[in-house]
Amino acid sequence: MLQPLLDVKSLVKYHATHSGTVRAVDGVDLQVHAGETLGLVGESGCGKSTLGRTIVRLHDPDEGRITFKGQDISRLSRRELRPVRRQMQMVFQDPYASLNPRRTIRQILTEPFTVHDVGTRREQTQRVDELVARVGLHPDHADRHPHELSGGQRQRISIARAIALEPSLVVCDEPVSALDVSIQAQIINLLRRLQSESGSAYLFISHDLSVIGYLADRIAVMYLGEIVEIAPKRALWNQPLHPYTQALFSAIAEPLPPSVPRRPRVSMKGDLPSPLNPPSGCRFHTRCPQVMPRCREAAPPLQEASPEAGGGHRVACWLHHVP
Amino acid sequence: MSTAEPVLQVRGLRTEFLSRSKRWFPVVNEVDLQVRAGETLAVVGESGCGKSMLAYSIMRLLPKRIARNAGGQVLLRERDLLALDEPQMRAVRGKDISMVFQEPMTSLNPLMTVGRQILESVVEHERCTPEEAHRRVIDLMDLVGIPEPEARFHQYPHHLSGGMRQRIVIAIALACRPQVLIADEPTTALDVTIQAQVLELIDRLKRELGMGVILITHDLGVVAEWSQRVMVMYAGRKVEEADAETFFSAPAHPYSRALLASVPRPDMSVDGAFAPLTEIRGAVPPLDRLGAGCAFAQRCDRADASCTATTPPLQTSAFRAVACFKADATDITSSGTAHAAAIA
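Chains as they are written, first to last, in our numbering: chain A, 1 to 323; chain B, 1001 to 1344.
In case anyone wonders, no lab produced these hints; they're calculated from the structure.
Glycine residues also receive a C-beta, built at the ideal position from the N, C-alpha and C atoms.
Be aware that a few hints might be false.
Stated by the list, open to error - Simulated DEER-style distance windows between Cβ atoms: (1) B:1105 - A:267: 16 to 26 Å; (2) A:294 - B:1156: 31 to 41 Å; (3) A:140 - B:1301: 18 to 28 Å; (4) A:311 - B:1156: 45 to 55 Å; (5) B:1301 - A:17: 50 to 60 Å; (6) A:321 - B:1124: 50 to 60 Å; (7) A:81 - B:1301: 46 to 56 Å; (8) B:1139 - A:198: 58 to 68 Å.
Just chain A, same shape as in the assembly:
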């Protein structure tokens, strides 16, 4: 198999809080291949945003390795990271908070070119005009300020900024969660179109399974700092193996006539345990409808669920453990 674009191994990121240390990302392994979309899904507090931010090195990892295009970037200094950042960009949930309110759209979009010293002034102006058009905005928008644009238009600007230098990986952290459905559809279509034009890979982080299920080629499910299941979308959709994945999928509310049968609801007990003090063994055992004595004692490894079926579907659950 080809070398992955991004290879994350045993990644750990702690957050120090008043009440102790949170292992927000606790031993994550995952890979993103060139041109694909990996969806990362989980509930609030599971560590998915921390994982995304650590991958683009907005946080420094505490343990583990991040290999991007064959280069270990987990310990690079800010200066050393600069050329990597050209290749790896991020889009955030709240475009208003991530755009400087005092600058015009043109200034915001010119910045990637000046920071990385790409092109002459005139070329930069031309590239910005192209970007504005590519994300579906009117040329006049370039001379406005972020507050003069709607939420959807602002998100188009954040996307334009992220793709300005044609990165090979874009980490999208809940990019459509703050938008109305009709606007959400516009942004999703835009992301899809840009990907087919440029061939960038996306790590798409969301709590919304419908969006992830629509966009992703593969899906990783995260729970309390760990990946509990990762598989091609179709395999995961048709046959989720981890009881947590099953519970998540069964909670999706689909806009279909009430008479259409739904997945049987798999209910979980209680709330998400505190990440300050995660449960022993399998972290899901306190809420799992199929918990066994073994689950309390030891953590199941993330392993191939059906190696004979071509592989690619990995799950961390004692129910599916192959010795």
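Dock chain B against chain A, hints included.
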């Protein structure tokens, strides 16, 4: 379906806001609705379409300085809430009709234990001994599924998770067993699994207590799973209303159709072929600058000159009501089951 008597009837409701240029303009425009006991009516639409304004108008919670009622009735059983003075309305609010808001943290007092907050709404409307009141609070906490209510009574909101906080808010809203509960995006701030638990709770309590529920949401999936009737609002007006089966099998208004087609679904792309989502071009127009005719016309693929000339009236059949000149006659008169049969 439900043949129970309507507990809430809204007739011709019109609410106006004061614009910056000191002109009154409608944010809720000629809206009629009714909710029966044991029924959930979903009100859907994008932000800015007037669904929260409708709820606040019914609850009479809008600031007088910039908002006014400009017609219509809000009948709770036989009583017109719009005719009540403020002290009378205060006695109704929280007792006969209650509201649950989107963000539980902002509707709870961070400096008061959750038990005290539920207690307040019990003693506000009912005379009872302290022991009885305490008992009622524990029962309510039990009813909304809060484990160890005696211990939780003394905790503060920040001790609880988002889902537990929303349960407290629901317990407060239900303290006096209201006839009508208005839930304004009650689960938007919550995770999917917790969302399902909270909606299941509202649904169970609705049946047990015989309440009518108005569920305001932008999430059409939630509507499909938890409501019996659907009302779509656009620019302050009701543009479509139907039972849930009819609505989701054959939406008639172009806005309803476009909304449904813009929701991503995993099965749309699971077999490799990838259908782009339907986009609705543009955005909801600002309500203080609405022109003549149908407010959706600028974004509508079916619109022509007739749409911008006059406002389409609601055409009503046995199955639904639609305000559109371009909806086919069959769209208006067929039910969901008839539609399903036609396809089969």
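Right, here's what the structure says about each hint:
1. B:1105 - A:267: 16 to 26 Å: holds, 25 Å
2. A:294 - B:1156: 31 to 41 Å: holds, 38 Å
3. A:140 - B:1301: 18 to 28 Å: Given range 18 to 28 Å: holds, Cβ gap about 25 Å.
4. A:311 - B:1156: 45 to 55 Å: At 50 Å between Cβs, range holds.
5. B:1301 - A:17: 50 to 60 Å: holds, 52 Å
6. A:321 - B:1124: 50 to 60 Å: Since the Cβ atoms of residue 321 of chain A and residue 1124 of chain B sit about 56 Å apart, the hinted range of 50 to 60 Å holds.
7. A:81 - B:1301: 46 to 56 Å: holds, 47 Å
8. B:1139 - A:198: 58 to 68 Å: holds, 60 Å
This entry satisfies every hint, going by the numbered hints stated previously.
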